[in-house]
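Engineer: One-letter residues, chain by chain:
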Amino acid sequence: MFSKILIANRGEIAARIIRTCKKIGIQTVAIYSEADADAPYVYMADEAYCIGKPRVHESYLQIEKILETAKAAGAEAIHPGYGLLSENAEFARKCGEAGIVFIGPSPEVIEKMGSKVAARNAMKEAGVPVVPGTEASVADVGEAIAAAVQIGYPVMLKASAGGGGIGMQVVQNDEELLKAFEGNQKRAQMFFGNGEMYIEKFIENPRHIEIQLLADKFGKCVYLWERECSIQRRHQKVVEEAPSPFLDEDSRRNMGEAAVKAALAIGYENAGTIEFLVDEEKNFYFLEMNTRLQVEHPVTEEITGLDLVEEQLRVAVGEKLRWSQEAIKLEGHAIEVRIYAEDPKTFLPSPGKITAFALPTGEGIRHELAVHESSTVTPFYDPMIGKLVMSAPTRDAAIQRLTEALEQYQIEGIKTNIPMLREVVAHRAYQNGETTTNFIEKYIQK
Amino acid sequence: MANIQSNMAGSVWKILVNVGDEVTEGQDVVILESMKMEIPIAAEASGIVKEIKVSEGDFVNEEDELVILE
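Sequences listed follow chains R and V, in order. In terms of our numbering, the first sequence opens at residue 88 and continues consecutively. In terms of our numbering, the second sequence opens at residue 5 and continues consecutively.
For reference, chain R alone in the conformation it holds in the complex (with noise of 0.2 Å):
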């Protein structure tokens, strides 16, 4: 096993990750930037490094600072956390240049998962079904109007590169999407440097599943069930359990064996999750790929018992996969919450100082955490605070425990969202498992 690695993310995943290098006996190296200096992570840590101000592309996006850093420490590998260099495949080639493992798949699968268009025509390949939509991406918006009269409004048009939502918008007729196409792509070609367009079938009504897969060096695969993310606010999830209620066990192992498939044939290693769209039917259309451990991932790790951050290590230094299929078990259920400083109405962010901060504590809960109490919630990163993942062994008593911790929390000194969390729980929609990505604004926003 490694002895030392860093960890190039902050917030609540930096914390996670150390906490089970601490459990397996590896040493770790945080980095932080200006306005993280007092975070909990940078405690936890055995070394930690400022690398720069608070900005990600004066920080957390500086490539070769951070790789620096990594070789002066003696590191031997970099876990990426989610968002900021996970899905960078440059990032990832140069740790390979330097010697140092990148925890992850390879370069070349991340640069063609995180092409969307890439992507698609990837998994059509494999033999899993994609929403119908265009082959490669528009040229302009004379070409996106054709193409979405070609396969039918409403339809959804999204950048190429996009992520969270960004650069995203469902159309219902041309005028729409003259509108949305220019300002769409600028946005896009601001955030992500690629302003690429493309268009799909808007599915009505879609649930949002999501398959985790774990696979290693060796052509090994399995999937580790599924999660249901559809209850997002801005396209960002907001609430994730574990099992689905929509699926049975025969859906359930058609979206697994396909995600598996799918897998092997790009040559996937690491732990990497396959997001599908479902309609009403339970037809599934691949979504996209994330070639990284994600935020939801613990509600995966309450039913099925493993640690994914120490399987990752494990697949990473060279290790067999430890499990087969059969051996996964799916026990009990777990349902995330995911905390925002944000407005609970106008989900508009709320940056401050946190003044008092009182958790619940009980049976089935677990938090991970990316403040303490006195902490200040700064405007330069996403608004998420922490995370509550609640179990138990049926989903009507996770979402029986989860209603009374929610009560307890006492956040003050900024907006967050628990009133709306607090909502979305006590919906009798949500309690009959009708949770469809539409699900904030049909409910909650009415």
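Since the hints were made in silico from the structure, they are not lab data. As the structure is a prediction and not an experimental result, all values here were calculated from the model. Among the hints, erroneous ones may be present.
No more than 25 Å apart at the CA atoms, straight line, and that leaves these computed lysine to any residue pairs for SDA-like [claimed, not checked]:
#, chain 1, residue 1, chain 2, residue 2
1, R, K432, V, N65
2, R, K529, R, K273
3, R, K140, R, G112
4, R, K273, V, E74
5, R, K152, R, Q114
6, R, K432, V, M12
7, R, K529, R, E499
8, V, K18, R, F434
9, R, K109, R, E450
10, V, K40, R, Q319
11, R, K324, R, Q256
12, R, K369, R, Q256
13, V, K40, R, P431
14, R, K369, R, E413
15, R, K432, V, N11
16, R, K369, R, I527
17, R, K432, V, I56
18, R, K273, V, I56
19, V, K18, R, D227
20, R, K432, R, N292
Estimated spans, in silico, between C-beta atoms of each pair [to be verified]:
#, chain 1, residue 1, chain 2, residue 2, range
21, R, N292, V, E48, 36 to 42 Å
22, R, D366, V, D25, 45 to 51 Å
23, V, A46, R, R515, 34 to 40 Å
24, R, E145, V, A46, 26 to 32 Å
Anything over 10 Å on all C-beta distances counts as not near chain V; from chain R, calculated [stated by the list, open to error]:
#, residue
25, K158
26, R321
27, S411
28, R515
Where a beta carbon is used, it is the ideal one built from N, C-alpha and C, also for glycine.
Knowing the structure of chain R, use the given hints to seat chain V on it.
Structural biologist: Chain V in isolation, oriented as in the chain R frame:
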């Protein structure tokens, strides 16, 4: 004269007006970026842009002046 202030901490992503432009109440004049979200800032009154106090990329705090109208 009316000043347009920032309603939260963040970076100035886009400035949508120039000095001398006429703006109407409710018109977006600046887009801030905070916590990876774009937040449009609108004029609370109509007027002519007299001065723009910030540049694209600047960091601003809550209640900082962005644009001065007359």
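Engineer: State for each hint whether it applies.
Structural biologist: The hints, checked one at a time:
no., hint, result
1, R:K432 - V:N65, "holds (22 Å)"
2, R:K529 - R:K273, "violated (29 Å)"
3, R:K140 - R:G112, "violated (31 Å)"
4, R:K273 - V:E74, "violated (31 Å)"
5, R:K152 - R:Q114, "holds (20 Å)"
6, R:K432 - V:M12, "holds (16 Å)"
7, R:K529 - R:E499, "violated (29 Å)"
8, V:K18 - R:F434, "holds (21 Å)"
9, R:K109 - R:E450, "holds (24 Å)"
10, V:K40 - R:Q319, "holds (16 Å)"
11, R:K324 - R:Q256, "holds (17 Å)"
12, R:K369 - R:Q256, "holds (24 Å)"
13, V:K40 - R:P431, "holds (17 Å)"
14, R:K369 - R:E413, "holds (24 Å)"
15, R:K432 - V:N11, "holds (16 Å)"
16, R:K369 - R:I527, "holds (21 Å)"
17, R:K432 - V:I56, "violated (31 Å)"
18, R:K273 - V:I56, "holds (23 Å)"
19, V:K18 - R:D227, "holds (24 Å)"
20, R:K432 - R:N292, "holds (22 Å)"
21, R:N292 - V:E48: 36 to 42 Å, "holds (39 Å)"
22, R:D366 - V:D25: 45 to 51 Å, "holds (47 Å)"
23, V:A46 - R:R515: 34 to 40 Å, "holds (37 Å)"
24, R:E145 - V:A46: 26 to 32 Å, "holds (30 Å)"
25, K158, "holds (30 Å)"
26, R321, "violated (7 Å)"
27, S411, "holds (40 Å)"
28, R515, "holds (30 Å)"
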